[in-house]
Amino acid sequence: MIEIKDYFRPKTLEEAYEKLLSVEGAEIIGSGAFMRLSSRKINLAIDLQDVGLNYVKLENDEIKIGGATPLGYVERSEIIKNAFNGKLSEVFQLIWSVQLRNVATIGGTIFPRLGFSDLITALLALNTDIVLFNNGRMPLEVFLEERIRKDILVEIIIKNENRKFSFQNIRNSFYDFSILNAAVSVDKDNNYRIAIGARPAVAKLAINAMNYLKENNNIEEAAKIAAQEMDYGTNIKGSKEYREMIAPVLVKRGLEEVIK
Amino acid sequence: MKIKMTINNVLKEVEVSPSEFLLDVLRRLDYMSVKKGCDTGTCGVCTVLMDGKPVLSCSVLAASADGHKITTIEGLRDDPEFKAISQALLDEGADQCGFCSPGLILNVYAMKRDLKNPTEEEMKKYLVGNLCRCTGYMPQMRAIKKYFEVRS
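Chains as they are written, first to last, in our numbering: chain A, 1 to 260; chain B, 1001 to 1152.
Calculated directly from the structure, the hints in this document are not laboratory data.
Heads up, the beta-carbon is just placed ideally off N, CA and C, and yes, glycines get one too.
Don't take each hint at face value.
Output of the computed footprint for chain A on chain B, the stretches with three or more beta carbons under 8 Å from beta carbons of chain A [what the hints assert, rightly or not]:
1. 1007-1013
2. 1036-1044
3. 1085-1098
4. 1103-1117
5. 1135-1147
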C-alpha cells in the first residue's frame, strides 16, 4: 500500500527544494509510475510538472533534457531521433510500454539509481552529466556513486559528439526488464566508453577495459576485461553465473557494432 | 483535496485523496470502460488518453491529473476513428471477453496519430503494453493491420 498524506505542486524549483528539506518524509515524485509497487508512506508528494523542467533542447554541442520530461516525450523528440544515428531513441523504445513512458519521467528514472534501468546504462556509455539543484553539475558516473538523497534532478546533459553507439541486452521477452545490459560507444579519436548494468545492480563503467582499448585493439580481450571488472548478483531474472557468462558476449557484440 | 479535470470534454470538479490514483477516481465517477487489471502498470487495460497521449491511469496520481484533459472510450462514442477500430476488431472476432478492448482501442487510436505507415513490427512494439488474457493476439493484429491499410 502506498500512503500519501499530502500533495504539493510547486511553481518553482526553489519552492520545491524548500519543501523537500523542511517537511520530514517529503519526496519528489515523477508522476507515480511504479510507485505503488512498493509499500511506503510519503508525508508530502512533490510533483514537479509545473516547474518548467519539461524540455529537450540542443545547446551548442549539448543535448539538454529537463528532469520532469516524460520518457515518451524524449523518445519522440527530433533531437533524440537524430542523435547517435537514432540508436538512443531505440533504447527508449525498449523501456516498458508506450503508456508508461508517457507517465515516467527522466528524473524519476535516473535519480533513484534503478538497477534494472536500461536508460542509465545507455547514458553512461555516452558522455552524460546530470545537474542537481543543490549539488550542481557532475558526471553521471559520479552521481551513481554518491549517496545524494535530498536533491532535485534539474536536467541531464548529453554531449552531442560524433560517437558511434550500441546498446545490447538480454531479456526473456521484449516486454520485460533486461537480465543484463551493456552499452558501448566510441568517438573519432578512439575513446571508448563501456557500461554494464542490470547485473542486477546499477550500471557501472568498465574503466579497465576502456583503458585497455586506448593501447590495444583486441575487442575479444577488451570484452573479457570489461566483464571481469564487474560484480554480479542473482535475482528473479537470472543467476550470478548466467550473468557472468553472457556479459563478455554482450560487450563484444557492442564493440563489434561500433567498430563496423 | 479538490481537483479539476476535463473528462470527455466535460469539466469536472472532484474530491480526491492524495493517495488515490486516476484509475480508481475514474471508476468511482462511473467511467466503467476503464478497467482495473494488474494495478501495477503492466497490463494496459486501464489506459486512458491524458492530453491526447495514452497513459496508464493506475500509474498516474489523481492529484497530478489536476488541470488535464482525460479521454476514455465513452468520450469517443461518436468519433469515426473509434468506430472504425472497434468495427475492425469485431469483424475479426477480436472482441472476445472485451476486458482488454477499451485500453487496446485507445492505444491504437493514439498509435494512428503517432506513427505514419507503421510496419507490423512497429505496431507490435507500440502495443506491447496491452495484454490480452483470451488468446494469442492474432485476431487483434489482423484487425489492426486491416484498419491501418483501409485508412492510410
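Worksheet item: Checking C-beta pairs, does the stretch 1135-1147 of chain B have three or more residues closer than 8 Å to chain A?
Response: violated (count 0)
Fill in: Three-residue Cβ test at 8 Å for the coverage of the stretch 1103-1117 of chain B by chain A
Answer holds; 4 residues pass the 8 Å Cβ test.
Fill in: Given coverage of the stretch 1036-1044 of chain B by chain A, checked by CB-CB distance under 8 Å (3 or more)
holds (count 4)
Discussion item. Please verify the coverage claim for the stretch 1007-1013 of chain B: does it have three or more residues whose C-beta sits within 8 Å of some C-beta in chain A?
Written reply: Violated - the stretch 1007-1013 of chain B has 0 residues with a Cβ nearer than 8 Å to chain A, which falls short of three.
Worksheet entry | Assertion that chain A covers the stretch 1085-1098 of chain B - criterion: three or more residues, beta-carbon distance below 8 Å | Violated - the stretch 1085-1098 of chain B has 0 residues with a Cβ nearer than 8 Å to chain A, which falls short of three.
In summary, the numbered hints that this structure violates are 1, 3 and 5.
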